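Enquirer: As a plain string of letters, each chain reads:
There are 2 protein chains.
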Amino acid sequence: MGKIYVVGIGPGKEEMLTAQAREALRSCDVIAGYKTYISLVRDRYPEKDIYENGMRGEEERCRRCLSMAMSGKKVALICSGDAGIYGMAALMLEVAAEEGFTDVEIIPGITAASSGAAILGAPVNHDFCVISLSDLLTPWQQIERRLRCAAEGDFVIVIYNPCSRGRAEHLRRACEILREILPADRIAGFAKNVGREGETRGICSLAKLPEQEIDMFTTVFIGNSETKAVDGRMITPRGYGDPIRRSK
Amino acid sequence: MGKIYVVGIGPGKEEMLTAQAREALRSCDVIAGYKTYISLVRDRYPEKDIYENGMRGEEERCRRCLSMAMSGKKVALICSGDAGIYGMAALMLEVAAEEGFTDVEIIPGITAASSGAAILGAPVNHDFCVISLSDLLTPWQQIERRLRCAAEGDFVIVIYNPCSRGRAEHLRRACEILREILPADRIAGFAKNVGREGETRGICSLAKLPEQEIDMFTTVFIGNSETKAVDGRMITPRGYGDPIRRSK
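Those protein sequence lines, which keep their order, are chains A and B. Counting from 229, one number per residue, gives the positions in the first sequence under my numbering. Counting from 229, one number per residue, gives the positions in the second sequence under my numbering.
Simulated from the structure, these hints should not be mistaken for laboratory data. Errors might be hidden in some of the hints.
Identical chains share a label here; the pair holds if one copy fits it or two copies do between them.
Claimed, not checked - Below, in silico cross-link-like pairs of lysine-lysine (DSS-like), each with a Cα-Cα straight-line distance of 30 Å or less: (1) K241 with K456; (2) K436 with K301; (3) K302 with K276; (4) K456 with K231; (5) K301 with K456; (6) K456 with K302; (7) K231 with K263.
Quantities reported herein were computed from a predicted structural model and do not represent experimental measurements.
Produce the entire structure from the sequences given, and follow the hints as far as they go.
Expert: Encoded structure:
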C-alpha cells in the first residue's frame with residue numbers, strides 16, 4: 229500500500245531540512261512538487277521519479293500524488309518552508325479524503341517567519357501575525373481587513389508573498405494601510421533568498437519599506453511598538469517587562 | 229574567539245532537528261538552556277559541558293553564555309521550538325550587544341504552530357496569529373486586545389502557553405473573549421506533547437475547548453470561518469476560492 233508524505237523542505241538549503249524530512253525524501257519512490265521547488269532538490273535524488281508542474285496546477289498535483297499512492301507508491305509531495313503554512317497539506321488532505329485514502333503524513337519544515345527572522349535577528353520574538361498578500365485565492369478586501377486588525381493589535385506582522393509578477397503594487401498598498409495606524413518610523417525588515425544564493429537582508433522604517441528591492445522570494449517583517457534596531461539586527465523584546473529593558 | 233549559537237531544537241524529538249541545529253550541538257563546547265529542554269538533549273551529548281537553570285533565569289542564562297563565549301568557548305543556547313518565536317534569540321542578542329559581542333548566530337527550529345499543526349492535519353493553511361497567554365512579561369489587557377483583533381480579522385489563531393501552574397484560568401478566559409466574536413461551533417483543536425511520549429491531539433468546538441485536558445505542553449488552534457473537520461483532521465483551506473471548494 230502506498231503512502232503520501234507532505235514534506236516541508238524549509239528555505240531549500242539541505243542543512244535546514246529536518247532529519248524526518250530527509251528520511252521521507254530518501255525512502256520515497258516519487259518526489260512531486262512545484263517545478264521551482266523540485267529544482268532545489270532534484271540533483272540530490274537522481275534515482276527518484278519526479279512529478280513536477282506549475283503554478284495553479286496544485287489540484288492536479290495532489291490528484292496525481294493520490295493516484296500514485298493508490299497504486300502502491302510512496303510519494304513525497306514537497307513544499308517550500310513548512311508543509312502546512314501556505315503549503316500543500318490542506319489540499320492534499322482534502323483530495324485524499326474524497327477517495328477515503330488516509331495514509332497521509334504531514335512533515336513540518338522551517339517556515340519563512342522563522343528562517344527569515346533568524347538572519348534579521350529576532351523580529352518575531354513576541355505575538356505575531358502572518359499574512360499573505362497573494363489575492364489569487366483570497367479577496368483583497370479580506371487581506372486589507374487582516375492588515376488593519378494586525379496593526380490594531382500591535383502584533384509583529386510577517387508578510388508572505390509581498391509581491392510578484394502581476395501584483396507589484398500589493399506591498400505598497402499594504403504599507404499605506406498599515407500607515408493609517410502605525411507610525412512612519414516603525415521598524416521593518418526584509419529577508420530575501422534565505423539559505424540560497426543571493427541571501428540578503430535589510431532593516432528600514434515602515435515609511436521606507438516600499439522603496440526597498442522586494443520580490444516574491446522575500447519575506448517582510450514589520451515590528452510591534454517595542455521593536456528596535458540594535459547593531460544592525462531587528463529585535464522585538466520577549467515582553468513588555470523584559471528584564472533588560474526594565475533595568476534601563 | 230568564542231561564538232554563540234541560539235538553537236531551535238523543535239519539539240524535542242531528534243528527527244525534528246535540522247541538520248544545521250544538530251551540527252551546532254555537535255561542534256559546541258557547552259550546551260546551555262532551561263533545565264526541561266536540557267533534559268531532552270543531555271543524554272545525546274554526554275561529552276559536553278552543560279549550563280542549565282530554571283524559569284525566570286533567562287537573563288542570567290544569557291549572561292553566562294556571553295561570558296563563556298567571551299572566554300573563547302563555543303556555546304549552544306537551546307530553545308524549544310524555534311529560537312526566535314518566544315525563544316531566547318532577542319534577549320541573547322540584546323545582552324551580547326551591550327558588550328559589543330557580535331558573533332551570535334540564530335539557528336531556526338520547527339515551532340509548535342508547525343509541529344502541532346502537522347499532527348492535527350492542516351489547521352494553519354491560511355493567514356494566522358500566534359498569541360501567548362503567558363502574562364509574565366505581557367500585561368493581560370494586551371493579550372485580550374490581541375485575541376479580539378485576531379478574531380475580528382478572521383485569522384486562524386494559534387495559542388502558545390495556554391495554561392500552566394498559576395494561570396489555569398487563562399485559556400477559559402481567552403475562550404470567553406473569543407466567543408464574544410466567534411460562533412460556539414467554530415472548529416478548534418489541540419496538540420499535546422508533540423514528538424514526545426504521550427503525544428495526543430483533539431478536535432472540538434470552540435465552546436467545548438475549555439473542557440479539554442490542556443496543559444503547558446499543549447498548543448491550541450482555533451480555526452477561521454472556513455476551517456472544517458474532515459475524517460478527524462482539522463483543515464483550513466488555502467483560500468476562499470479553493471478549487472476543491474469551488475467545484476462543490
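Enquirer: Indicate, hint by hint, whether the structure satisfies it.
Expert: Consistency of the hints with the structure:
{"no.": "1", "hint": "K241 with K456", "in the structure": "within (29 Å within a copy, 34 Å between copies)"}
{"no.": "2", "hint": "K436 with K301", "in the structure": "neither (50 Å within a copy, 40 Å between copies)"}
{"no.": "3", "hint": "K302 with K276", "in the structure": "within (11 Å within a copy, 39 Å between copies)"}
{"no.": "4", "hint": "K456 with K231", "in the structure": "between (47 Å within a copy, 23 Å between copies)"}
{"no.": "5", "hint": "K301 with K456", "in the structure": "between (50 Å within a copy, 28 Å between copies)"}
{"no.": "6", "hint": "K456 with K302", "in the structure": "between (47 Å within a copy, 27 Å between copies)"}
{"no.": "7", "hint": "K231 with K263", "in the structure": "within (21 Å within a copy, 38 Å between copies)"}
This entry does not satisfy hint 2, going by the numbered hints stated previously; all others are met.
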